[in-house]
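Engineer: Residue numbers (the numbering used here), protein chains in the order written: chain E, 715 to 884; chain V, 473 to 574; chain G, 54 to 421; chain H, 283 to 621.
Please note: incorrect hints may appear among the correct ones.
[Stated by the list, open to error] The list that follows gives simulated cross-link-like pairs (lysine to any residue, SDA-like), each with its CA atoms no further than 20 Å apart:
no., chain 1, residue 1, chain 2, residue 2
1, H, K425, E, M788
2, V, K561, E, F785
3, H, K601, E, I877
4, H, K342, H, G518
5, H, K425, G, L83
6, H, K618, E, E848
Since the hints were made in silico from the structure, they are not lab data. In this text the structure is predicted, and so the values were computed from the model without any measurement.
Read off the chains here:
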Amino acid sequence: MLESLVFYTLAALIIGFGVLVVTTRNPVHCVLCLVANFLCVAMIFVLLAAEFLAMIQILVYAGGIVVLYLFVVMLVNLRRPPDARMDGRRQTRFGFVLVALLLTEVSAILVYSAAHPSSLVAVAPQRPAVGNAETIGMLLYTDYLVPFELASMLLLVAMVGAIVLARKEA
Amino acid sequence: MTPITPYHYLVLSAALFAIGVLGVMVRRNIIIILMSIELMLNAVNINLAAFSYQLHNAAGQVFAIFVVAVAAAEAAVGLGIILAFYRNKETLNIDDMNIMRW
Amino acid sequence: MSQFDTSELTLNMGPQHPSTHGVLRVVLRLDGERVVGCDIVIGYLHRGIEKLCEHRDWAQIVLITDRMDYVAAASNNLGYVETVEKLMSLEVPRRARYIRTILAELQRIASHCLWLGTHAMDLGAMTVFLYAFRERELVLDLFEEYCGARLTYNSMRIGGLPLDIPPGWGAKVRRFCDILETKVPEYEELLTHNRIWRDRTTGIGVIDGDDAVAIGLTGPALRGSGVPRDVRKDEPYAAYSEFEFSVPIGAAGDTYDRYLVRIEEFHQSIRIIRQALDGLPEGPILGKVPRLLKPPAGETYHAIESPKGELGYFIVSDGKAHTPYRFRVRPPSFCNLQALPRLVTGHLVSDVVALIGSIDIVLGEVDR
Amino acid sequence: MTHTYLVPLLKILVLLNAVLVSVTFMTLLERKVIAWVQVRLGPMRVGPYGSLQPIADAIKLLLKEDITPVRADRFVFTLAPIVSMVPALIAFAVIPFDREATFFGYQVPLVIADVNVGLLYLVSITSIGVYGIILAGYASNSKFPLLSGLRASAQLISYEIAITMMLVSVVVMAGTLSMTGLVDAQYNARVWYVFVQPLAFVILFIGGLAETNRAPFDLPEAEQELTGGYHTEYSGMRFALFFLAEYANMIVVSGVAATLFFGGWLRPFPNVAALWILDYIPGWMWFLLKTFVFLYVFIWIRATLPRYRYDQLMRLGWKVLIPLAIANLVVTAVLKVLL
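Model the full structure from these sequences, guided by the hints.
Structural biologist: Structure, rendered in structure tokens:
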């Protein structure tokens, strides 16, 4: 009961903030909506017993990546008159068609799978103990060591790339 | 109210993903397009977490963490490119970004 | 490629800003936080003192000079009265010269206390501010006992002094010197060897001796660059020729050296005051001055070492009127302020406040 | 029902009030301590020895006109103080004041949520706090706040790395992320972690100073340089919120330092039975006492040290603290595996 209530509230917030991200004209407000959206998603993760993931979501996404976005938006806004920030629309019709197609596809899959429940989904949704950091850590450093190292390489490359790109040329 | 099933999460995730797609298609400001991509990545994360919960398997969360790492890398490089571009062209309009080099 | 990359930000510091020591306005051009250019806008405190003096008689001007460097009023008085005495070739009694020296040195201590407090405050060391003001308060008390005023003293007369020192005043000054001698190490403990203080001041606003001379720096700001120029030594006035004291100089010419120079001047001032009190002669305090002051036609320039640098007066008398024909001040703050744009360029916003503090300006004197 | 909902709600209510009251009185403490350092009396007029000064301040700030600059982004301008205040408050949720205490026959653990990712929660919540400052800097539409916002975000992000690295080495020692678990681990290890991880503690404390924008790292709000920084354009209660958030953050950092390195609610020498007399002081008193000591040190440092410059601050963070934290982590991990 309570879980449903929390879920529907969060879902409404997520969708609402998502829509705002896409529709708001002022980029700074967009970034704010994005942060709110990410925080709600983090709470969804808590609902899914993935506390560690939720914290990572807040720490890395909301506290790190989006700050970067905010920074860039602010730096860019600085040098422009306010009216130049306004943002027209493009590809609107095509976008909506694409989204409609996407949603149709997803709902078709949902209807189909609801009619033919597969063995995978049938596992009882009781509260499992997979949320804690220990389990994830074990998996990360044993089964998924190679992807993990690759991810760290990716981050390193991205860091170097970002520095090279952002550096002013003398 | 019906109990919350994975379907609920999947619908939520699909909706969020759709919003992200819409943002990429509709907006002109490249920063907001990047932000819409972040929205889509989050939709994916919701899916991963939901299945991980459903299947009692933490692997889903591990992959969600990889997604976060990729998103961080993407943001760093993407924003770096945007800044470099902006310094040269004084615009963020994606329609103006139509040449491979300058 | 980087032709559009001129993202300069113009930052208007002042005239209402906590660290511009009054109503100085500094227009900074910033690249990020780095200063690439700096314009100084002055005049917010302009009262037309020089013109005003041409319409007051000779004795009244003493009072107006108080209002220039209002944290070192006695030095301003001294510079003016000595200029007029030079113009009129008046003989000043020795006792008056001694007391003038004591007053000027006390004033130097008070001014340096104020400088130290605000300079440290600008760099975020808030306690030094109150410590320094505590000692400044003692000086003000001494002045109050001497002439009844705490800020604008009107403490000198052409040809001597208006008042003799009150009984017991000398002992109080001695006691103050003893107190200050224990307190200066206290300031130094908080600053001189403090890692953050050194990081904030060493290498900031370096100017070498030749440049400093070329730009017209005087006072501690010049001596910090290693030029041993001190009017008290080079062209002694009052009773300075009779005392022993040394002129501290810096080596690197940065903010830290200017700080050290001023700290050492505390000690030198104490030394001078003690010698003056020891050798204080008896005698009159006012020389033979005509009732009606009317200096002969002529012009003269006379400078003294005010706490901030060389304070010079250029006075022209036409020998007819009871007022100066032309009155012009060479204020040390004004001339030293010219170095600011040169000092701050290339440094960060935080250093700007350090440098404004380090050249020690008073806007009342800059704008007059 | 009572236990699952009412008790936590009550705890939240009590804690929020306690935090807000102590935050207001922190302002008095700060003014008094700094005054004593500077050989003056501090506030003396309102109440005996000025003890009611915070209340007078609060009333004054509440009654002041709330000005929004004309060119400001009104929505964000209003949002920013809230955004900086909320994370500071909800961070208290995982700080344990004591294992448990008995109220009216109920055994109540003195922590709102003993979650198994408590430490991570703290780190992530504090990382949200930076938004308040950036947004205030942006929304004011004024140059000094803007510079301040840029300074603050760079500063907070850099020092977060060092702090997190350092927290990891504590976690490696204890093998848990739960705050209660960390205290228990110290009890079982028979030693406060400050003696095992002195470097980590120093880094946490320096990082904590920087995270809370306290002197000597108070660059974002340097009055002498940026005329107050991000809150230059704020007035009235919104201005007060920024200050309350800063003080609440100080309490959080002090509480975390006390929990992680000084045994939280444990009395000194918890395993020495001969000091049984110390047990008469309840655990939460010990915790508050330790927290208070840190708060005092915060204020003491502010009264003593000059301010760092922006580039020096970044150099300290990136070239000193982060390498040290990483080295500390590596050494800790190696020793943990070997021993």
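Engineer: Compare the structure with each hint and give your call.
Structural biologist: Taking the hints in turn, this is what the structure says about them:
Between K425/H and M788/E the alpha-carbon distance is near 12 Å, which keeps this suggested pair within the 20 Å criterion. Pair hint K561/V plus F785/E holds up; C-alpha atoms about 19 Å apart against a cutoff of 20 Å. Distance restraint check for K601/H and I877/E: the Cα-Cα separation of roughly 17 Å lies within the 20 Å cut-off, and the hinted pair is therefore satisfied. With a C-alpha separation of about 8 Å, the suggested pairing of K342/H with G518/H holds against the 20 Å cut-off.
Pair hint K425/H plus L83/G holds up; C-alpha atoms about 11 Å apart against a cutoff of 20 Å. The hinted pair formed by K618/H and E848/E meets the criterion: a straight-line CA distance of about 17 Å does not exceed 20 Å.
This entry satisfies every hint, going by the numbered hints stated previously.
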